[in-house]
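The listed protein sequences correspond, in order, to chains A and B. According to the working numbering, the first sequence is numbered sequentially starting from 1. According to the working numbering, the second sequence is numbered sequentially starting from 1.
It is possible that some hints are incorrect.
[To be verified] In silico PhoX-like cross-links for lysine-lysine, where the CA-CA straight-line distance does not exceed 25 Å:
no.	chain 1	residue 1	chain 2	residue 2
1	B	122	A	234
2	A	43	B	134
3	A	171	A	158
4	A	33	A	230
5	A	158	A	33
6	A	200	B	146
7	A	230	A	275
8	A	34	B	111
9	B	111	A	232
10	B	128	A	232
11	A	33	B	111
12	A	256	A	234
13	A	171	B	111
[Said to hold, decoys possible] Cβ-Cβ distance ranges computed for the label pairs, FRET-style:
no.	chain 1	residue 1	chain 2	residue 2	range
14	A	42	B	128	30 to 36 Å
15	B	121	A	314	48 to 54 Å
16	B	119	A	203	35 to 41 Å
17	A	272	B	130	53 to 59 Å
Treat the hints as calculated values from the structure; they're not laboratory data. The beta carbon of each residue, even a glycine, is placed where N, CA and C say it ideally should be.
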Amino acid sequence: AAHQRGLLLRAQVSTTDAAAVAAAPAKKEKISKKHDEGVVTNKYRPKEPYVGKCLLNTKITADDAPGETWHMVFSTEGEIPYREGQSIGVIADGVDKNGKPHKLRLYSIASSALGDFGDSKTVSLCVKRLVYTNDQGEIVKGVCSNFLCDLKPGSDVKITGPVGKEMLMPKDPNANIIMLATGTGIAPFRSFLWKMFFEKYDDYKFNGLAWLFLGVPTSSSLLYKEEFDKMKAKAPENFRVDYAVSREQTNAQGEKMYIQTRMAEYKEELWELLKKDNTYVYMCGLKGMEKGIDDIMVSLAAKDGIDWADYKKQLKKGEQWNVEVY
Amino acid sequence: LSYEETLRLSTDSGGGGGGGGEFALPDLGLGGVLDFVAQNPLVAAAGVAAVALPLVLAQVLGGASKPYGVVSAAAAYRALVEEPGAQLVDIRPPGDARQSGAPDLREAKKKAAAVPYDGEDKNGFLKKLSLRFKDPENTTLVILDKFDGNSELVAELVTANGYKAAFAVKDGAEGRRGWLSSSLPWTAPKKGFSLSDLIGDGTDGLPVTLGLAAATGLGILAYTEIETVLQFLGSAAIVQLVASKLIYAEDRKRTLKQIDDFFNKKVAPKELVDEIKEISQALLPSTGTKSQPAITEAAPATAEAAPAAATATAAPPAAPVEETSTEAAPAEPTPLSPYTNYPDLKPPSSPSPLAPAEATKNESESESAATESAPAVNSAPVAEAAPEAAPPAAPRPLSPYPNYPDLKPPSSPSPSAP
Chain A
1 AAHQRGLLLR AQVSTTDAAA VAAAPAKKEK ISKKHDEGVV TNKYRPKEPY VGKCLLNTKI
61 TADDAPGETW HMVFSTEGEI PYREGQSIGV IADGVDKNGK PHKLRLYSIA SSALGDFGDS
121 KTVSLCVKRL VYTNDQGEIV KGVCSNFLCD LKPGSDVKIT GPVGKEMLMP KDPNANIIML
181 ATGTGIAPFR SFLWKMFFEK YDDYKFNGLA WLFLGVPTSS SLLYKEEFDK MKAKAPENFR
241 VDYAVSREQT NAQGEKMYIQ TRMAEYKEEL WELLKKDNTY VYMCGLKGME KGIDDIMVSL
301 AAKDGIDWAD YKKQLKKGEQ WNVEVY
Chain B
1 LSYEETLRLS TDSGGGGGGG GEFALPDLGL GGVLDFVAQN PLVAAAGVAA VALPLVLAQV
61 LGGASKPYGV VSAAAAYRAL VEEPGAQLVD IRPPGDARQS GAPDLREAKK KAAAVPYDGE
121 DKNGFLKKLS LRFKDPENTT LVILDKFDGN SELVAELVTA NGYKAAFAVK DGAEGRRGWL
181 SSSLPWTAPK KGFSLSDLIG DGTDGLPVTL GLAAATGLGI LAYTEIETVL QFLGSAAIVQ
241 LVASKLIYAE DRKRTLKQID DFFNKKVAPK ELVDEIKEIS QALLPSTGTK SQPAITEAAP
301 ATAEAAPAAA TATAAPPAAP VEETSTEAAP AEPTPLSPYT NYPDLKPPSS PSPLAPAEAT
361 KNESESESAA TESAPAVNSA PVAEAAPEAA PPAAPRPLSP YPNYPDLKPP SSPSPSAP
């Protein structure tokens with residue numbers, strides 16, 4: 001009966017919300033809970049990309065980390081008016097083996113709308129250099145990621161976008177925001193967190209709970225860890241961060257610590273949060289992670305007699321479950 | 001249970017819900033609630049308590065037929081605390097707040113927006129308001145006047161201009177049943193010129209902020225305006241302190257006024273002198289003697305070092321570096337190296353460098369565009385990196401800006417219009 005009450009409470013609250021909205025005149029269309037008014041998409045298209053300059057490109061993983069991840073900043077002169085959670089496209093210089101220009105690749109933006117320099121004139125990315133061995137045993141380098149990781153300050157870079165509305169932040173400054181990231185999937189959340197904890201706005205002061213789960217292979221690749229430490233120090237009441245370092249940590253049963261393993265340690269708390277209608281979950285990273293997270297949610301929901309698939313659908317409809325995987 | 005009874009239950013369990021019943025009832029569609037209440041009276045008590053406040057607020061804020069009106073100070077305060085979208089606008093003339101103080105919204109974790117309304121320049125007023133509140137459709141304004149002379153008018157004005165709703169505070173700040181007489185939280189007026197106000201929370205990034213100001217061209221303005229202060233105090237620390245406040249246009253006038261007041265009235269000089277000393281001690285070691293001459297003499301010694309560093313690394317943007325250093329020399333505290341946030345003042349070398357032909361192409365291109373990209377590259381001032389470049393053997397940082405005290409480059413605290 002507990003969950004029924006939870007659901008019923010939610011229904012009640014939304015009734016009052018609806019009443020408040022209905023009372024305000026001339027407000028008919030569905031109102032998004034996300035910060036999406038005036039959001040710009042596809043200002044620059046692949047045919048006529050914006051040409052920005054690389055201002056800075058720095059490796060942010062230790063030398064012994066598996067793979068390299070780079071943080072880079074491009075100038076936009078304010079021409080790419082993106083929001084936290086959006087992505088941009090990048091077209092690598094050069095041509096493919098058929099002599100055609102390279103295809104566009106999308107990257108989640110790692111900086112807040114103000115940019116790393118706070119002047120709304122830059123955009124930052126967090127890119128892992130993709131190197132893998134194919135079926136023939138040849139070493140293959142990802143075209144765009146290697147182009148980006150090799151960029152020198154001063155070089156040009158072709159940018160399209162901004163794109164995407166799925167990962168926009170909630171409007172509610174008192175929301176619970178659960179962020180689930182693996183590897184460079186941290187990008188949109190760095191963007192969120194800078195806005196929440198490193199910047200000041202007259203009309204936005206985050207006072208909810210931001211809870212970040214970050215999964216990485218080794219502690220030498222805990223992207224932006226110092227920044228998150230700083231945020232934690234600044235706003236201990238409003239920010240939680242839990243890391244899952246799969247090759248170095250295990251749970252009590254000796255299983256490797258993946259992001260869902262870490263989340264399982266807080267499952268009761270997470271489930272309670274998920275029952276609130278001001279809780280928003282955002283997920284970004286490798287495709288595989290969604291399955292792993294679904295698995296633990298299924299068992300959590302089942303305890304309350306709820307079918308997770310149905311419940312997730314409901315959350316998605318309410319814009320409370322947001323996924324961007326690649 | 002009837003509709004009215006449910007409502008009464010809500011207001012009762014809401015702890016004396018503040019006159020919610022006086023309002024015309026909107027059609028809330030409470031069928032679901034009623035059924036539930038009828039079936040589970042015990043559980044409902046808790047449930048109703050949880051929804052009681054929102055319910056009352058919905059009546060206060062959204063229930064009336066017109067989206068503006070008058071509310072008691074207590075109801076207004078509760079709305080500000082409970083409703084994320086509710087904001088207080090203080091329309092009293094600027095002098096009033098200085099004389100009698102201002103509402104204290106710390107419980108609501110909000111700040112009153114002081115936007116004086118003189119009854120004449122309505123458009124100017126709305127414009128100032130729009131700078132403060134970016135999402136009018138979802139913002140309910142609570143209007144506070146000294147009494148309630150203008151507030152209802154303003155409430156009507158703002159709802160006619162796109163705000164979700166607005167409410168005038170009955171009897172305003174100082175009226176018979178107003179904010180003060182209702183014993184709501186209030187901040188007493190500041191005595192003279194408060195230094196802590198100036199310091200704010202920007203202390204960490206002060207030298208850095210100054211660099212940014214200079215880099216973005218605001219520097220010239222800031223410097224001319226604070227020149228007198230500089231002469232007066234002769235302390236680089238204070239210059240940085242004040243500049244951090246001055247570069248933000250909104251604060252500038254007020255700060256200057258405060259400084260003026262301070263020097264004219266000479267309020268509490270001894271205490272202040274002590275505070276200033278403390279600040280100097282806190283700031284000077286980190287910026288060192290290097291940054292001080294850089295400010296007053298416009299970039300001496302470091303001017304040579306940075307190009308040298310750039311050539312040593314043979315990095316492509318050597319050209320932009322030279323260009324900005326000559327161009328911006330008069331006003332800037334000289335961020336001469338674009339890579340001051342790296343421990344060794346150069347970017348880490350990439351594994352596969354560009355082919356020579358491509359590199360030269362890049363260089364000539366970057367020369368033409370150097371001026372536009374240079375400020376951002378250079379926004380890290382030398383003062384910051386110079387003392388911190390020393391410890392070399394630290395483990396590799398996992399964030400891109402390890403050398404800034406805030407782990408982020410100086411950034412303006414409020415968004416600048418693109």
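**Request:** Sort out which numbered hints this structure fails and list those numbers smallest first.
**Result:** The structure conflicts with hints 1, 3, 4, 5, 6, 7, 10, 12, 16 and 17, although it agrees with all the remaining ones.
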